[in-house]
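Starting from the known structure of chain C, arrange chain U on it as the hints suggest.
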Amino acid sequence: MGFSEKTTDVLLDIAEKVDGNRYLGAIKNAFTTWMPFIIVGSFAYIFKILICDTSIGLAALIPAAAKLLPGFMAVQYATMTFMAIPITFLVAMNLAKGDNIPTQAAGILGVCAYIGIAPQTVSVVIDTVTGSAVGISSAVTGAQGLFVGMFVAIVAEKMFAALMRINKIKIKMPTSVPPAISQSFNTLVPILITLYSLSVAGLVFQLITGSCLNEWMYAVVQAPLEALFQSPAGIIGIIIISQLFWFLGIHGGLVVMPVRDPLMASALAANIAAVAAGGVATQPVTRGFYTFFSVAGGAGMILSLIFAIFLVSKRDDYKMIAKLGLVPAICGVSEPVVFGLPLVLNPTFVIPFIFNSCIATAIALFATNIGFLACNIVDAPFGLPIPIAAFIMYGWRGVVVQAIVIAVTTAVWIPFVMVSNNLGKGETENEQIISQ
Amino acid sequence: MRILLACNAGLSTSLVVARMQDVAKAQGKDYKIWAVDQGEIQGELGNFDVLLLGPQVRHIMKRVKQLVGDQAPVDIIEASAYGLCNGEAVLKQAEKLFKQKK
Numbered sequence: 001m002g003f004s005e006k007t008t009d010v011l012l013d014i015a016e017k018v019d020g021n022r023y024l025g026a027i028k029n030a031f032t033t034w035m036p037f038i039i040v041g042s043f044a045y046i047f048k049i050l051i052c053d054t055s056i057g058l059a060a061l062i063p064a065a066a067k068l069l070p071g072f073m074a075v076q077y078a079t080m081t082f083m084a085i086p087i088t089f090l091v092a093m094n095l096a097k098g099d100n101i102p103t104q105a106a107g108i109l110g111v112c113a114y115i116g117i118a119p120q121t122v123s124v125v126i127d128t129v130t131g132s133a134v135g136i137s138s139a140v141t142g143a144q145g146l147f148v149g150m151f152v153a154i155v156a157e158k159m160f161a162a163l164m165r166i167n168k169i170k171i172k173m174p175t176s177v178p179p180a181i182s183q184s185f186n187t188l189v190p191i192l193i194t195l196y197s198l199s200v201a202g203l204v205f206q207l208i209t210g211s212c213l214n215e216w217m218y219a220v221v222q223a224p225l226e227a228l229f230q231s232p233a234g235i236i237g238i239i240i241i242s243q244l245f246w247f248l249g250i251h252g253g254l255v256v257m258p259v260r261d262p263l264m265a266s267a268l269a270a271n272i273a274a275v276a277a278g279g280v281a282t283q284p285v286t287r288g289f290y291t292f293f294s295v296a297g298g299a300g301m302i303l304s305l306i307f308a309i310f311l312v313s314k315r316d317d318y319k320m321i322a323k324l325g326l327v328p329a330i331c332g333v334s335e336p337v338v339f340g341l342p343l344v345l346n347p348t349f350v351i352p353f354i355f356n357s358c359i360a361t362a363i364a365l366f367a368t369n370i371g372f373l374a375c376n377i378v379d380a381p382f383g384l385p386i387p388i389a390a391f392i393m394y395g396w397r398g399v400v401v402q403a404i405v406i407a408v409t410t411a412v413w414i415p416f417v418m419v420s421n422n423l424g425k426g427e428t429e430n431e432q433i434i435s436q
Numbered sequence: 001m002r003i004l005l006a007c008n009a010g011l012s013t014s015l016v017v018a019r020m021q022d023v024a025k026a027q028g029k030d031y032k033i034w035a036v037d038q039g040e041i042q043g044e045l046g047n048f049d050v051l052l053l054g055p056q057v058r059h060i061m062k063r064v065k066q067l068v069g070d071q072a073p074v075d076i077i078e079a080s081a082y083g084l085c086n087g088e089a090v091l092k093q094a095e096k097l098f099k100q101k102k
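Listed in order, the protein sequences are those of chains C and U.
Just so you know, we're using the working numbering here: the first sequence kicks off at 1 and counts up by one.
Just so you know, we're using the working numbering here: the second sequence kicks off at 1 and counts up by one.
Since the hints were derived computationally from the structure, they do not count as laboratory data.
A few chain C residues that face chain U, going by a derived Cβ cut-off under 7 Å, partial list only: (1) Gly249; (2) Pro336; (3) Phe339; (4) Gly340.
What you are looking at is a predicted structure, and each value in this text was computed from that prediction instead of being measured.
Cβ coordinates follow ideal geometry from the N, Cα and C atoms, glycine included.
Next comes chain C alone, as it looks inside the complex (with noise of 0.2 Å):
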C-alpha cells in the first residue's frame, strides 16, 4: 500500500477531532437544519419567472399574476436576508445540548445577545438626504452577519453554561413551585449577567477599535474567508482535502463541512442580494456549484467512473457494481461505488479519484469565468438526480457544462480503468481471501 500508515492515522484523528469538536459539531447542525429554507428562499426567483413574468410566465396569460411577486420575494427576504438570526439561535440551542442547559432559552439568548451588540440604528436616504433610524439593517440579519452571529451565539452559550453551573446565584423557590417555574427564574440571572455583559462589552469594543464587532469580524474574518474560498486555489484546496478522506473510507464532506457550508451559504446570499438589487451575481462557488459540478455523480466523480467502466473494463466485478451504483450515482450517492469496487484505498485509483473533482472545479470556474455561465441564484436539493438539479439552478447551460464536465472526468478515468484490466483476477482472489 503506497500511503503510508502514518498518515492514515493522522488523517483518521483529524477527522474524528473535527466530528468531535462541540463549537464544529454545533455549526455543522444548524446548517443541516437550515439547508431546506434556503433552498426554498433561492425558489422565489423559480416563481418569479413561472407565474409573474410576463412574456413567459403565467402572467403572461392572467396580467394580474404578477401582482403577486412581492409574496414570493418576502419569502426570500424572510430566510436569505434572515439567515444570520436563524443560525445564531440553532447553533446556541445545539451547544446547549451537550452542556445539558434549557436548549430553548439558550438559543433565545444567543439571538438576543447578538442584537444586543449589533448596530440597532440603519442608515436611509430619503430625497438624497441621508440620515438614520432605528432598525436592523440587513447586514446583521443577513449572511454578512453569519461569522459574527455564530461567534456571538458560542461566546453567549458559553457564559450562560458557566452560570449555570454557580448554584449560589440561582433563585431558590419553595418546593411546591412547578419545576417549569423555577426553571425559568433558574436561568434569570444567568440571561440577565451574560446579555448585559455582552452588550457592554460590544460596545466598549466599538468605543475602542472605532468600529463595531459585526463590521470588523465580517471585514477581519469572514471577508477574507469568502474571497479565499471562492478563488479557485480555496475551492480546489478544499476538495482536495475532503477526497484524501474519501480514499480512507471517510466522508470527506462531512468533514469539511463546518468550513464550508457557511461560506456556501454565505456566497449565494451575495449572489441573490445583487441579483435584487439590478446588478450581478459574482460568487461562483455555492452549494449547488459544489454538489452538482465538483462532485456530480458523486464526490470524486464516480458516475463518470461508472460510465468509464461501461465503457472499457473487462472485469464482470467492476461492471457489476457499476450497474449496481449507477442509480445512486445519478443521485450524487457514491458509496456503492466507493466501497463496493472499492476505491478506498485503491491504489490504482487514487489520483483520478482525488483529482478529478479538482478537474471538474476547474471546468465549470472556467465557464464562469468566460461568461458562459452565470452564477446562480437558485439552489437545488442534494438527491436529485444531477441533470434537472443544474437545469433548476443554471437553466440549459448548466446541463451543458455539467455534461463536459461529466464527459471530460470519464476520459480521465478511462486509462486507470484499462490498468485495472490487466490487474486481472488474480487481485480480485487476493481480495476475496483477505475478505474472509
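Chain U alone, transformed into the frame defined by chain C:
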C-alpha cells in the same frame, strides 16, 4: 429487533436498509430497520436495539459510542457488504451484534 443505520444524511444507508428489509421479510422476521442522518442519532436514543454506522462515518464511532453508552451495541458496517448493498450480510452482522450483547 430494531436496527438503526446512520450515515451522512442517511441517503446511502437507506439503500442498504431497503435490501435488509427485503431479506428480513423473506426470512419471516419482523424487524424494524431504518436509516437516519448521523446528527439525528441522539434523538433516536432508546428507539433501537442495534446501531450500525456506514463505513464512511467511522470517524464518528468514538463519539457515538459515548452517546449511546450501554443502551445498544454499535458497530461499523463491513465495507464491502455496504458497497455491494448486501442486505443479508449486514442483517447477519446486526443479529450477531445483538446476540453478543445479550
